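2 protein chains.
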Amino acid sequence: MRNIALIVSYDGTAYRGFQTQPGGGTIQDELERAIRSLTGTDIRVEGSGRTDAGVHALGQVVNFRTETPIPIEKWALALNGRLPDDIIVRSAHEMPEDFHARYSAIRKTYRYSISTGKFPEIFTARYRYHHYRPLDEDAMRDSLKFFVGEHDFTAFSSAGAPRKSNVRTIYEARLERDGGDLHLYLTGSGFLYNMVRIIAGTLIEIGEGKKAPGHIPAILEAKDRNMAGPKAPAQGLALWRVEYPPAYEAILSVDPAE
Amino acid sequence: MRNIALIVSYDGTAYRGFQTQPGGGTIQDELERAIRSLTGTDIRVEGSGRTDAGVHALGQVVNFRTETPIPIEKWALALNGRLPDDIIVRSAHEMPEDFHARYSAIRKTYRYSISTGKFPEIFTARYRYHHYRPLDEDAMRDSLKFFVGEHDFTAFSSAGAPRKSNVRTIYEARLERDGGDLHLYLTGSGFLYNMVRIIAGTLIEIGEGKKAPGHIPAILEAKDRNMAGPKAPAQGLALWRVEYPPAYEAILSVDPAE
Chain A
15 MRNIALIVSY
25 DGTAYRGFQT
35 QPGGGTIQDE
45 LERAIRSLTG
55 TDIRVEGSGR
65 TDAGVHALGQ
75 VVNFRTETPI
85 PIEKWALALN
95 GRLPDDIIVR
105 SAHEMPEDFH
115 ARYSAIRKTY
125 RYSISTGKFP
135 EIFTARYRYH
145 HYRPLDEDAM
155 RDSLKFFVGE
165 HDFTAFSSAG
175 APRKSNVRTI
185 YEARLERDGG
195 DLHLYLTGSG
205 FLYNMVRIIA
215 GTLIEIGEGK
225 KAPGHIPAIL
235 EAKDRNMAGP
245 KAPAQGLALW
255 RVEYPPAYEA
265 ILSVDPAE
Chain B
15 MRNIALIVSY
25 DGTAYRGFQT
35 QPGGGTIQDE
45 LERAIRSLTG
55 TDIRVEGSGR
65 TDAGVHALGQ
75 VVNFRTETPI
85 PIEKWALALN
95 GRLPDDIIVR
105 SAHEMPEDFH
115 ARYSAIRKTY
125 RYSISTGKFP
135 EIFTARYRYH
145 HYRPLDEDAM
155 RDSLKFFVGE
165 HDFTAFSSAG
175 APRKSNVRTI
185 YEARLERDGG
195 DLHLYLTGSG
205 FLYNMVRIIA
215 GTLIEIGEGK
225 KAPGHIPAIL
235 EAKDRNMAGP
245 KAPAQGLALW
255 RVEYPPAYEA
265 ILSVDPAE
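Here the protein sequences come in this chain order: A and B.
Numbered per this note's numbering, the first sequence spans residues 15 to 272.
Numbered per this note's numbering, the second sequence spans residues 15 to 272.
Chain A on its own, in the form it takes in the complex:
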C-alpha cells in the first residue's frame, strides 16, 4: 500500500470545518470526493487536525493509503482539477508507511489575523477579524512571553471531549504588523479546542486595556475559562504550517512535481 501525503490550502468560509460530517460540506468530504473521482476507490483521508467551520488553512497536511499506481507527481494537478476553487492541493508526497498526518506531527503554527482599519479591506476581508477600536500593540506583545513554554491551557480552551492532559507547549508566539493588519503567529506542540481563538480574544482584550499583560500567569494558574477573553471569530484563523520530524520533512519539503 502506498502512503500519500497532501499539503492542502483552503478558504474555509463556505465549509462546515475540516472533519467529515453527515450531510457533507466539509473539506475532508471534498478531498475524499476528489480522490474517489481520480482513483475510482473510496479512500478515507486523515488530517493533521480538525479546523472549525470558517477556519482557513495555508498548509494543512493529510495522508491516505492507496494502491492506485498514479505517479506521485501527477496527484496535485489531477486533484485540483476535481476540487472546488477554494481548496487547493499544493503538493503530493510519497511517504514511508509509518507516516501519519496527525500522530507524526510535532509542531503546528496557526495565524490569527486582525484588520485594524476603520473598515475591512476588500481583498483580505474574508481572512481577517475586523476590529476598529484602538489596540495597544505593545501591551499585546508584552503578554506573549507568558504563553510561551509548557503550561496547562485549560483556561484557554472550550469544553470539549475530556482529554488526558491540557498541558501543551508553545514554542513561539509573535505579533506582526503589516499595514493595517495584525498577525498573531503561535507555534506549539499542539493546541486544545479553540485555544488559538481564545488566546487571540484575550490578546484583543489586553490591547483594549480590559486586561493587563501581567494577568496571563494568574489566568493560566486558575485554569478557569471564565477568566480568559472571548473566543475570537473563526474567519481570522488559519492553520499555517504543520511540522514533522526531519526524516519526513525531507520528503515534504521537496515537491516531486517541480
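To be clear, the hints were calculated from the coordinates, so they are not data collected in a lab.
Hints may contain errors.
Identical copies look the same in the list; a pair holds intra-copy or inter-copy alike.
Simulated crosslink set (DSSO-like; lysine-lysine; CA at most 30 angstroms straight-line) [claimed, not checked]: (1) K88 to K178; (2) K225 to K132; (3) K159 to K178; (4) K245 to K159; (5) K132 to K178; (6) K178 to K224; (7) K88 to K224; (8) K159 to K88; (9) K88 to K132; (10) K237 to K132; (11) K88 to K237; (12) K159 to K225; (13) K224 to K237.
Model, not experiment: these values are computed from the prediction.
Use these hints to put chain B onto chain A, whose structure you have.
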C-alpha cells in the same frame, strides 16, 4: 438637494456586475437597497462606470441626490451595516451640486492581476487570473509603451453599443511583480468595453511568445479585434481608482468621518 459621493470597494465574485439588472444581483442594486434602508426613500445611484460580472473594485465612485439630513460622517458606517460583507463603503463625501461620478471623472486606473505560481494562492485566488505557463515579463513590459498615448483602441474592444469615438488616451501603463503575482496597472481617460481585459489577454500572449511587443502598433492601426489577444478572465480585474478635477479631489481625499 444634497449631492453625496461614496467611495466603494467590492468583491465582484458573487455579483452580475455593477449596473442594475432586472432580477437584481448587482452592486448597484445592493447599494440602492442599503440607501433605501437608511433613508427610507428610493434613490438611484450613478457609478463612475460599469464593471462586468465578476470584476472587483477597490475605489469605485458613485453619487446620488438626497434630502435626508443624516450627517455626512455617519453615512459610511451606517451603509456598511446594511451591506453584505463583500461590498464596503470606504467613505462618504458632500459634493458640489455639479459633481457627477461618471461625467466628472477625468482618469481611471484599473489593475489586472495574474498569479504565476504552479497553483493559485489560496488567500488571493479570488482576485487573480491564474496562469502557470512561463511568461516573458521583459517582453510584456516592452509592449506597454505602445499602448501609452492617444490611440483608436477599436482592436482592443468588444463590440458593444456604437460610440462616437473609440479614441482613448492611456496616461500610464506599468507591470509590477509582487512575489508570484504580476499586476498590470492601466491609467487612462476612459476605457472601451472589455478594453483592459483584452489588453491583459494580449500581454499574456506576448509573455507566452505568441506575439511580439512590436506587433502592438500594427494591431492598433488595423483596428481589428481579431488581431488582438483573447479577453482575460473577469476575476483578475479590479477598478482601482477614479480621479476627478482638483476641486473635487480636495473633497474626496478627506474622509469627513476621520
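- request: State the violated hints by number, sorted upward, taking the hints as numbered earlier in the document.
  value: 1, 5, 6, 8, 10, 11
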